Amino acid sequence: MEYPGTENAVKEVLKILGVTVVMDPDQTCCAGYVLTCSGYLPTAPLAVTARNLALVEQKGLDTYVFCNGCFGYIRELSHILCSHPHYLEMSNQLIGRWGYKYEGTTRVFHVQELYALLKDRIAEHVVRPLTGLRVAAHYGCHYLAQQYGMVDDGDLPTFHEELFDIMGATPVFYKERRMCCGYSVGRGFTHNEELVQPHLARKFESARDERVELMTTVCPGCNVALDREQPNMIKRGLDGLNIPVIDLSQLVALALGVPIRKLGFDANTTSLDGVVKKLGIEKGS
Amino acid sequence: MVRERDKDWTDDLYKKVDCYDLVDNLEQCLQCGKCVGNCPVAAITPSYNSRQIIRDILMGNMERLIRSEEIWRCFWCANCYRVCPVDIHFPFLMMELRFKALEYHYGIKYVFPFKKFALRALEEGLTFVPGTKGREKIQNLRATIDTEPWPVVSDKAKKEFKAIFDLTGTTEWIEALNEESDNPMICTYREGKIVDE
Numbered sequence: 039m040e041y042p043g044t045e046n047a048v049k050e051v052l053k054i055l056g057v058t059v060v061m062d063p064d065q066t067c068c069a070g071y072v073l074t075c076s077g078y079l080p081t082a083p084l085a086v087t088a089r090n091l092a093l094v095e096q097k098g099l100d101t102y103v104f105c106n107g108c109f110g111y112i113r114e115l116s117h118i119l120c121s122h123p124h125y126l127e128m129s130n131q132l133i134g135r136w137g138y139k140y141e142g143t144t145r146v147f148h149v150q151e152l153y154a155l156l157k158d159r160i161a162e163h164v165v166r167p168l169t170g171l172r173v174a175a176h177y178g179c180h181y182l183a184q185q186y187g188m189v190d191d192g193d194l195p196t197f198h199e200e201l202f203d204i205m206g207a208t209p210v211f212y213k214e215r216r217m218c219c220g221y222s223v224g225r226g227f228t229h230n231e232e233l234v235q236p237h238l239a240r241k242f243e244s245a246r247d248e249r250v251e252l253m254t255t256v257c258p259g260c261n262v263a264l265d266r267e268q269p270n271m272i273k274r275g276l277d278g279l280n281i282p283v284i285d286l287s288q289l290v291a292l293a294l295g296v297p298i299r300k301l302g303f304d305a306n307t308t309s310l311d312g313v314v315k316k317l318g319i320e321k322g323s
Numbered sequence: 016m017v018r019e020r021d022k023d024w025t026d027d028l029y030k031k032v033d034c035y036d037l038v039d040n041l042e043q044c045l046q047c048g049k050c051v052g053n054c055p056v057a058a059i060t061p062s063y064n065s066r067q068i069i070r071d072i073l074m075g076n077m078e079r080l081i082r083s084e085e086i087w088r089c090f091w092c093a094n095c096y097r098v099c100p101v102d103i104h105f106p107f108l109m110m111e112l113r114f115k116a117l118e119y120h121y122g123i124k125y126v127f128p129f130k131k132f133a134l135r136a137l138e139e140g141l142t143f144v145p146g147t148k149g150r151e152k153i154q155n156l157r158a159t160i161d162t163e164p165w166p167v168v169s170d171k172a173k174k175e176f177k178a179i180f181d182l183t184g185t186t187e188w189i190e191a192l193n194e195e196s197d198n199p200m201i202c203t204y205r206e207g208k209i210v211d212e
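Those protein sequence lines, which keep their order, are chains S and E.
If you count the first sequence from 1, you need to add 38 to reach our numbering.
If you count the second sequence from 1, you need to add 15 to reach our numbering.
These are computed hints drawn from the structure, not numbers from a lab.
Quick caveat, the model's predicted, so the values are computed rather than measured.
C-beta atoms are modelled at their ideal positions from N, C-alpha and C, and glycine is treated no differently.
Accuracy of the hints is not assured; some may be wrong.
Unchecked claim - Chain E regions said to be covered by chain S (calculated; three or more residues, Cβ under 8 Å): (1) 63-73; (2) 77-87.
What the hints assert, rightly or not - The list that follows gives simulated cross-link-like pairs (lysine to aspartate or glutamate, EDC-like), each with its CA atoms no further than 20 Å apart: (3) S:LYS97 - S:ASP62; (4) E:LYS152 - S:ASP62; (5) E:LYS177 - S:ASP62; (6) E:LYS131 - S:GLU40; (7) E:LYS177 - S:ASP64; (8) S:LYS300 - S:GLU95; (9) E:LYS174 - E:GLU139; (10) S:LYS300 - E:ASP161; (11) E:LYS148 - S:GLU232; (12) E:LYS49 - S:ASP62; (13) S:LYS53 - E:GLU139; (14) E:LYS174 - S:ASP193.
Using the sequences and the hints, build the whole thing.
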């Protein structure tokens with residue numbers, strides 16, 4: 039929502055890679071956020087998930103999302119639906135009135151998995167190598183927390199760094215790379231920013247010490263938390279902090295030569311001007 | 016710390032907390048503590064201890080659990096779940112524990128700010144919808160990058176999304192949220208050390 043450039047970047051990148059994207063206006067929010075925040079029973083989110091996935095099943099497709107949160111919730115909730123027959127029955131009864139039926143045949147993937155699998159195709163299409171740019175990855179917890187059926191190891195994942203390497207950037211490993219972004223407490227739920235700031239300070243300190251020039255996320259939530267919180271970090275006395283945070287899709291789009299205007303970098307609190315200048319790209323192009 | 020009495024303890028508390036069967040295997044907890052070692056909240060809040068929370072649930076002290084402020088600090092990062100040798104889904108357990116706390120009117124102050132936001136989400140079929148000013152800003156931004164003025168959600172989808180919330184009673188619950196019915200909570204964490212009262 040806050041970074042429309044991400045959505046655009048996903049579409050543009052997949053177009054270049056020859057993947058057809060089917061966007062369905064009948065889809066709604068994954069309702070995971072309502073589940074965790076409202077403090078009310080999981081029935082509504084279960085039914086919403088069943089409805090969204092039933093729509094995909096009708097078309098005979100697989101589900102791809104570009105947010106770790108949605109990915110985690112849809113995976114977990116569909117797992118609950120498939121493993122608890124009474125929840126499945128309840129949900130199908132609820133959504134049956136509009137003619138939907140969820141059977142559990144569609145599989146749920148994250149777009150980053152597609153990038154990892156289509157690595158060679160990305161390498162062929164790089165027209166704007168990111169030479170010399172020190173890029174660090176933030177994987178996000180809700181992808182790595184899925185222990186089964188992922189493309190990489192949850193403890194020491196490297197597939198983002200492999201992608202950076204292919205696009206000509208310098209992958210940087212910083213100490214707290216696996217650390218949570220703190221979104222749910224700092225911004226999403228309890229709005230207790232005081233509580234997350236010492237936590238985020240540790241993350242940014244280790245990134246700054248490794249001279250990170252750009253950080254990528256694969257979740258709009260992480261992006262908001264890491265990007266919007268930086269001015270507060272500086273206020274708290276973390277010197278020399280200037281790490282723009284963008285989505286992995288935006289970085290891939292940058293390397294694949296998508297016009298920078300379409301990537302919506304103006305939405306970022308921490309400006310990307312330095313990065314764009316270093317890569318020698320005209321701002322309006 | 017106040018001495019606990021027999022009547023403070025609840026038999027089979029784990030079944031009461033996990034009444035939606037989302038965790039299922041809590042009894043298998045090995046008390047190994049890997050979850051605490053991987054927990055970013057435990058790193059900054061020493062009195063938050065996921066291993067101890069599971070133990071308390073299994074032992075059955077409900078009052079201490081639902082009154083504690085610590086259960087509202089979980090980031091949902093699920094690192095505990097990732098490393099758990101018996102795959103206990105601790106984030107779901109935490110969610111159910113919060114349900115329990117709310118049932119006894121603890122922690123409503125944390126859910127209350129969500130009310131306005133949730134009611135807006137119900138109308139739009141989308142979460143994270145900002146207010147009028149924020150919406151204008153995003154629309155301006157979207158106009159500069161050649162995309163639709165707003166994420167497309169069909170009227171049919173909006174109607175059905177809202178209907179699901181109405182039918183399950185979620186709308187009613189959200190509308191009834193009232194900050195004043197909140198009970199005070201206890202936090203055992205003060206200035207970097209655990210306080211034993």
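Now for the hints, and whether the structure bears them out:
1. 63-73: violated (count 0)
2. 77-87: violated (count 1)
3. S:LYS97 - S:ASP62: The given pair, whose Cα atoms are some 10 Å apart, holds under the 20 Å limit.
4. E:LYS152 - S:ASP62: This hinted pair is violated, its Cα atoms lying about 25 Å apart.
5. E:LYS177 - S:ASP62: 18 Å, holds
6. E:LYS131 - S:GLU40: 18 Å, holds
7. E:LYS177 - S:ASP64: 13 Å, holds
8. S:LYS300 - S:GLU95: 31 Å, violated
9. E:LYS174 - E:GLU139: 9 Å, holds
10. S:LYS300 - E:ASP161: Satisfied, since the Cα-Cα distance of roughly 7 Å is no more than 20 Å.
11. E:LYS148 - S:GLU232: 26 Å, violated
12. E:LYS49 - S:ASP62: 41 Å, violated
13. S:LYS53 - E:GLU139: The given pair, whose Cα atoms are some 28 Å apart, is violated under the 20 Å limit.
14. E:LYS174 - S:ASP193: 42 Å, violated
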